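So you can see what is in the structure, the chains are spelled out below.
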Amino acid sequence: MASHILPNGISYSLLTIIVNRGKGSKILGFAREIGARDASCFFGKGTINNNVLKMIELNEVAKEIILIVVPGESETKILEQLKEKFHFDRPNQGIAFTMPLAGILKIKQDTSIKWKNSSLSNQWDYTALFLVVDKGKGESVIQISQEAGYYGGTIIKARGSASNLNIVLNMIVEPEKEAVLMLMKSKSAHQLAMLLREELHLEQPNTGILVKLGVNKTIGLFQDDGKDGEAEQ
Amino acid sequence: MNYFMNIVVVPLGYADKVITAANEVGATGATILRARGADHSAKEGLFSIKIEPEEEIVLIIATKEVTDTICNKIHEEFEKNSKRGGSIYILPVQDLEE
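Chains as they are written, first to last, in my numbering: chain A, 1 to 233; chain B, 1001 to 1098.
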């Protein structure tokens, strides 16, 4: 089971882009243009931090999330191109960030994982918080973080399965879940993680899972001084 | 403990196969997202309608050793009884609260 190591100097990054719904196909087209290795797109919903809109329950925006795998060295160039083409340098146009991949495997082509050779640094400016909770709890996650002064996040509909599979009539029963993606400064990510852990009782089993992912580069983030988080969402 | 987030991208309908394979070798759970991809190998159709194949994304969080076995198992499973392939991307996890 020897792991193959990615050839020296070549690393891949996962470029995540969050935009308003309808732009997804354009960005997939862009991914095709730059010859990306792989790209996929899914729906999510974002929240606007606005009390008036909240009162009339119009504080939700339909979003699309696009994942593109890009080579590490052309990451900056691709972000620049994105910025120019989709105006990420203006507020409310969307956000994009890259996360370094530790390994990559093409099913049916490679026989084992190609791990990245060099160790990953631990110095991240930004952190992506990724939570998986039961359906309906996604909004309370956003509410908790907004009440604590952070910006919102994006909710993605998902299905989940636990370790003991419920197999009924040869079909796997998967409960509905919600995944929440939030982007923020690393130092406030820890505080929010602790807060969410307490509020959602994550230390108990079957309540949810919270993962912090290191973010390399970001574009499209606009924030007030002193406050951290996603201005766009 | 060093954890990794596995992002498994497979064609629609293959997620169950991934999860069954992963559970056999010690994954503790998985999350499935429904997505659509940009397959650049697919030809651009008539009237320049772009084909966006439907996909499923399976997220599995595991340690490095388990990640290794999961990936091997999924590869084996797809090699044996599947026509279509997919890809796995592994993201390093900074911190984890369960």
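Calculated from the structure, these hints are not laboratory results.
Everything numeric in this text was worked out from a predicted model, so none of it was measured.
Each residue gets a CB set at the ideal place from its N, CA and C atoms; glycine is no exception.
Incorrect hints may appear among the rest.
As the list claims (entries may be wrong) - Estimated spans, in silico, between C-beta atoms of each pair: (1) His-87(A) x Glu-1079(B): 40 to 50 angstroms; (2) Ile-34(A) x Glu-1079(B): 24 to 34 angstroms; (3) Met-194(A) x Gly-1026(B): 23 to 33 angstroms.
To be verified - List of simulated lysine-lysine pairs, DSBU-like, C-alpha gap at most 30 angstroms: (4) Lys-1017(B) x Lys-187(A); (5) Lys-1073(B) x Lys-23(A); (6) Lys-108(A) x Lys-135(A); (7) Lys-137(A) x Lys-1073(B); (8) Lys-1083(B) x Lys-187(A); (9) Lys-1080(B) x Lys-212(A); (10) Lys-116(A) x Lys-1017(B); (11) Lys-23(A) x Lys-1064(B); (12) Lys-212(A) x Lys-1073(B); (13) Lys-116(A) x Lys-1073(B); (14) Lys-1073(B) x Lys-114(A); (15) Lys-1073(B) x Lys-85(A); (16) Lys-135(A) x Lys-23(A); (17) Lys-137(A) x Lys-1017(B); (18) Lys-187(A) x Lys-1080(B); (19) Lys-1073(B) x Lys-187(A); (20) Lys-108(A) x Lys-1064(B).
Going through the hints against the structure:
For His-87(A) paired with Glu-1079(B), a C-beta distance near 44 angstroms keeps the hint of 40 to 50 angstroms intact. For the pair Ile-34(A) and Glu-1079(B), the beta carbons lie near 30 angstroms from each other, so the given range of 24 to 34 angstroms is met. Separation of Met-194(A) from Gly-1026(B) is about 29 angstroms and conforms to the stated range, judged on CB atoms against 23 to 33 angstroms. Of the supplied pair hints, the one linking Lys-1017(B) and Lys-187(A) is violated, its CA atoms being roughly 39 angstroms apart against a limit of 30 angstroms.
With a CA separation close to 36 angstroms, the supplied pair Lys-1073(B) and Lys-23(A) exceeds the 30 angstroms bound. A threshold of 30 angstroms between alpha carbons decides the hint, and for Lys-108(A) with Lys-135(A) the separation of about 34 angstroms lies outside it, so the pair is violated. The suggested pairing of Lys-137(A) with Lys-1073(B) is violated, with an alpha-carbon distance near 33 angstroms, which exceeds 30 angstroms. Note on Lys-1083(B) and Lys-187(A): the hinted pairing is violated, with a Cα-Cα distance of about 46 angstroms set against a maximum of 30 angstroms.
The straight-line distance between the Cα atoms of Lys-1080(B) and Lys-212(A) is roughly 35 angstroms, outside the 30 angstroms bound, and the hint therefore fails. Note on Lys-116(A) and Lys-1017(B): the hinted pairing holds, with a Cα-Cα distance of about 27 angstroms set against a maximum of 30 angstroms. A threshold of 30 angstroms between alpha carbons decides the hint, and for Lys-23(A) with Lys-1064(B) the separation of about 36 angstroms lies outside it, so the pair is violated. Straight-line distance between C-alpha atoms of Lys-212(A) and Lys-1073(B) comes to about 26 angstroms, which keeps the hinted pair within the 30 angstroms bound.
Between Lys-116(A) and Lys-1073(B) the alpha-carbon distance is near 20 angstroms, which keeps this suggested pair within the 30 angstroms criterion. Taking the CA atoms of Lys-1073(B) and Lys-114(A), the gap is about 15 angstroms. The hint holds against a cut of 30 angstroms. This hinted pair does not check out: Lys-1073(B) and Lys-85(A) have alpha carbons roughly 41 angstroms apart, beyond 30 angstroms. Annotation: proposed proximity of Lys-135(A) to Lys-23(A) holds, straight-line Cα distance about 26 angstroms (limit 30 angstroms).
Between Lys-137(A) and Lys-1017(B), the direct Cα distance comes to roughly 28 angstroms. Compliance with the 30 angstroms bound is thereby established for this hinted pair. Only pairs whose Cα atoms come within 30 angstroms are accepted, and Lys-187(A) paired with Lys-1080(B) is rejected, the gap being roughly 46 angstroms. Between the alpha carbons of Lys-1073(B) and Lys-187(A) the distance comes to roughly 37 angstroms, so the proposed pair goes past 30 angstroms and is violated. For a cut-off of 30 angstroms, the pair hint linking Lys-108(A) to Lys-1064(B) stands: about 21 angstroms separates their Cα positions.
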